[in-house]
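Number of protein chains: 2
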Amino acid sequence: MPTVRWLPSHSGPKANRVTNDDLKMFDLKAYLARKAQRINQALAAILKTADEPDRLLQAMSYALLAGGKRIRPILCLAAAETIDGDSQEVLPAACALEMIHTYSLIHDDLPAMDDDDMRRGQPTCHKAFDEATAILAGDALLTLAFQMLASIAVNKPEQASKWLRVIEHISHAAGYCGMIQGQMLDMASEQKPLTLAELKSMHRLKTGALIEASVRCGAEMAGVNSDQIQMFERYAQNIGLAFQVTDDILNVEGDPEIMGKAVGTDEQRHKTTYPALLGLAESKAFADQLVENALAALDAFDQKAEPLRAIARYIRHRNR
Amino acid sequence: MPTVRWLPSHSGPKANRVTNDDLKMFDLKAYLARKAQRINQALAAILKTADEPDRLLQAMSYALLAGGKRIRPILCLAAAETIDGDSQEVLPAACALEMIHTYSLIHDDLPAMDDDDMRRGQPTCHKAFDEATAILAGDALLTLAFQMLASIAVNKPEQASKWLRVIEHISHAAGYCGMIQGQMLDMASEQKPLTLAELKSMHRLKTGALIEASVRCGAEMAGVNSDQIQMFERYAQNIGLAFQVTDDILNVEGDPEIMGKAVGTDEQRHKTTYPALLGLAESKAFADQLVENALAALDAFDQKAEPLRAIARYIRHRNR
Numbered sequence: 013m014p015t016v017r018w019l020p021s022h023s024g025p026k027a028n029r030v031t032n033d034d035l036k037m038f039d040l041k042a043y044l045a046r047k048a049q050r051i052n053q054a055l056a057a058i059l060k061t062a063d064e065p066d067r068l069l070q071a072m073s074y075a076l077l078a079g080g081k082r083i084r085p086i087l088c089l090a091a092a093e094t095i096d097g098d099s100q101e102v103l104p105a106a107c108a109l110e111m112i113h114t115y116s117l118i119h120d121d122l123p124a125m126d127d128d129d130m131r132r133g134q135p136t137c138h139k140a141f142d143e144a145t146a147i148l149a150g151d152a153l154l155t156l157a158f159q160m161l162a163s164i165a166v167n168k169p170e171q172a173s174k175w176l177r178v179i180e181h182i183s184h185a186a187g188y189c190g191m192i193q194g195q196m197l198d199m200a201s202e203q204k205p206l207t208l209a210e211l212k213s214m215h216r217l218k219t220g221a222l223i224e225a226s227v228r229c230g231a232e233m234a235g236v237n238s239d240q241i242q243m244f245e246r247y248a249q250n251i252g253l254a255f256q257v258t259d260d261i262l263n264v265e266g267d268p269e270i271m272g273k274a275v276g277t278d279e280q281r282h283k284t285t286y287p288a289l290l291g292l293a294e295s296k297a298f299a300d301q302l303v304e305n306a307l308a309a310l311d312a313f314d315q316k317a318e319p320l321r322a323i324a325r326y327i328r329h330r331n332r
Numbered sequence: 013m014p015t016v017r018w019l020p021s022h023s024g025p026k027a028n029r030v031t032n033d034d035l036k037m038f039d040l041k042a043y044l045a046r047k048a049q050r051i052n053q054a055l056a057a058i059l060k061t062a063d064e065p066d067r068l069l070q071a072m073s074y075a076l077l078a079g080g081k082r083i084r085p086i087l088c089l090a091a092a093e094t095i096d097g098d099s100q101e102v103l104p105a106a107c108a109l110e111m112i113h114t115y116s117l118i119h120d121d122l123p124a125m126d127d128d129d130m131r132r133g134q135p136t137c138h139k140a141f142d143e144a145t146a147i148l149a150g151d152a153l154l155t156l157a158f159q160m161l162a163s164i165a166v167n168k169p170e171q172a173s174k175w176l177r178v179i180e181h182i183s184h185a186a187g188y189c190g191m192i193q194g195q196m197l198d199m200a201s202e203q204k205p206l207t208l209a210e211l212k213s214m215h216r217l218k219t220g221a222l223i224e225a226s227v228r229c230g231a232e233m234a235g236v237n238s239d240q241i242q243m244f245e246r247y248a249q250n251i252g253l254a255f256q257v258t259d260d261i262l263n264v265e266g267d268p269e270i271m272g273k274a275v276g277t278d279e280q281r282h283k284t285t286y287p288a289l290l291g292l293a294e295s296k297a298f299a300d301q302l303v304e305n306a307l308a309a310l311d312a313f314d315q316k317a318e319p320l321r322a323i324a325r326y327i328r329h330r331n332r
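In order, the protein sequences belong to chains A and B. Counting in the working numbering, the first sequence runs from 13 upward without gaps. Counting in the working numbering, the second sequence runs from 13 upward without gaps.
To be clear, the hints were calculated from the coordinates, so they are not data collected in a lab. Check the hints yourself; a few may be wrong.
Each pair may be met inside one copy or between any two copies, as identical chains are not told apart.
[What the hints assert, rightly or not] Listed next, the in silico DSBU-like pairs over lysine-lysine satisfying Cα-Cα at most 35 Å (straight line):
(1) LYS283 / LYS174
(2) LYS204 / LYS60
(3) LYS60 / LYS212
(4) LYS273 / LYS174
(5) LYS316 / LYS283
(6) LYS139 / LYS212
(7) LYS204 / LYS316
(8) LYS168 / LYS204
(9) LYS60 / LYS174
Here the structure is a predicted model, which is why all the values come from computation and not from measurement.
Next comes chain A alone, as it looks inside the complex:
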């Protein structure tokens, strides 16, 4: 049976750090593409355990390597680089976050939950395989995230406490007190309209918690101090909410071709959304304000925070 492997570092520590020179002409599109490629390579290497993958591994790879924006792992790397961290060292945490995000998509798409047919521009996992395989592929990606983190950490005793904190943050954000509770509340909201406060709280759990953990884990792995951690938290909370408000807006006026999934589904399911509660114009103004707050939280950082700043703007103005 294959075991978890991890890519060796191909470059010295220097090469994995961002310099201010790199950022003078900051090009977000190129940055996102470069980071996504690095993450995709690492994820592919983790799953490349057999020449002829069995059905379970096929389903895990199908969902995990289907593209996607890779926002969470990129946030993790960008937060580390903001305080001069070594992004190679942070890469396992970044991959774990994407594996957990993907597992949550597989399970949320199931017929018993959101019953979605398309995801990331291809049939959802249970459509391409079957329900049982999709449930187990999700379970396996969740478990593999923790296995990968633990097996890397076991070989780095001097970093053991740091990795344990990463496991703690990610599991807390992904679990009962975070993402899973958010999905429960989201499903319940199809039966009963939410107030604005309830909607915010639901999103903070469902999407916000893992986004906050992404930023936090990157920062912690890079040796963040207690003042900085508060700035990162404020940034992450604001972009987490901005991400969701924008998602709701895109569900109203997005292009399903570009998004790789259906639009108008929130209204069909009678879901409480920001556009439904605030109207479309005010939702956009709210999302803008959140991005402003996120940018303000980064005021004390230098040019190395440019990727985080650009991601905040991108989250609001993306079209998928």
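Assemble chain B onto chain A, guided by the hints.
Just chain B now, kept in the frame of chain A:
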């Protein structure tokens, strides 16, 4: 939002160790009852985070606190005690193993998988709640197991490496290379009969891996040496298989009242089982031999291994 809590140790280290005097008149039934009670109390305390539990927590508690034999956590404690370990220190690992076992039962029982209506003498989680809640309650128990281990370990830096190894063993045993792969193979076996070698391999993954991890984690937390670890492994492999052979036998001739679930289901589903491949009498002889092997593996240990020995015999002669 509630966070994970952990029971403080109520007694000094001495009180958590087994003495040879305790074992002169070894009474397995009382031992199992005592340990199960301790585990049940610890599990209840972990989930007792709110006076009015929400629906997700209700479903998690419903499945986790429904009884069950608690064989995995008891094996974990008994392995530690065999080499003079402090069972209070091992208790979190024991609880994590039971949480993961329970999550696997919830998911395996789903309509898309084994589609079972009864479990541990009560309706399965998706029958008592609904499918979506059952999927999420399983996800949440799996995630909580790792969260609990990490948050305990974060506060014990001197034990960080030990806890990371525990997380690694458990996630490896529960994941793609272990239990989840076993469930995939088990489902596939309904379509296509297995050979004896394939059947053994499937069970080693589906049930054996987590049983082996239970014994191993208990032993490692207690500071096992490399000679001893091999004995523990041989013991665990043999009881793991004996457990499954006995399960198959009970599915033929067990009492559904006592077992709290239906019997005869393997034949209905055309599953390859030991009785189907070897016949009932030879299956029993095989299970007996496995228990003999398990007992022989413990020869070098003193009376403190009595619980492990008695559990090996019990696994073969249980009626549920």
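Results for each hint:
no., hint, verdict
1, LYS283 / LYS174, "neither (39 Å within a copy, 46 Å between copies)"
2, LYS204 / LYS60, "between (44 Å within a copy, 27 Å between copies)"
3, LYS60 / LYS212, "between (39 Å within a copy, 26 Å between copies)"
4, LYS273 / LYS174, "neither (37 Å within a copy, 44 Å between copies)"
5, LYS316 / LYS283, "neither (39 Å within a copy, 59 Å between copies)"
6, LYS139 / LYS212, "both (31 Å within a copy, 31 Å between copies)"
7, LYS204 / LYS316, "neither (44 Å within a copy, 57 Å between copies)"
8, LYS168 / LYS204, "neither (49 Å within a copy, 44 Å between copies)"
9, LYS60 / LYS174, "both (27 Å within a copy, 28 Å between copies)"
Of the numbered hints stated above, those contradicted by the structure are hints 1, 4, 5, 7, 8, listed in ascending order.
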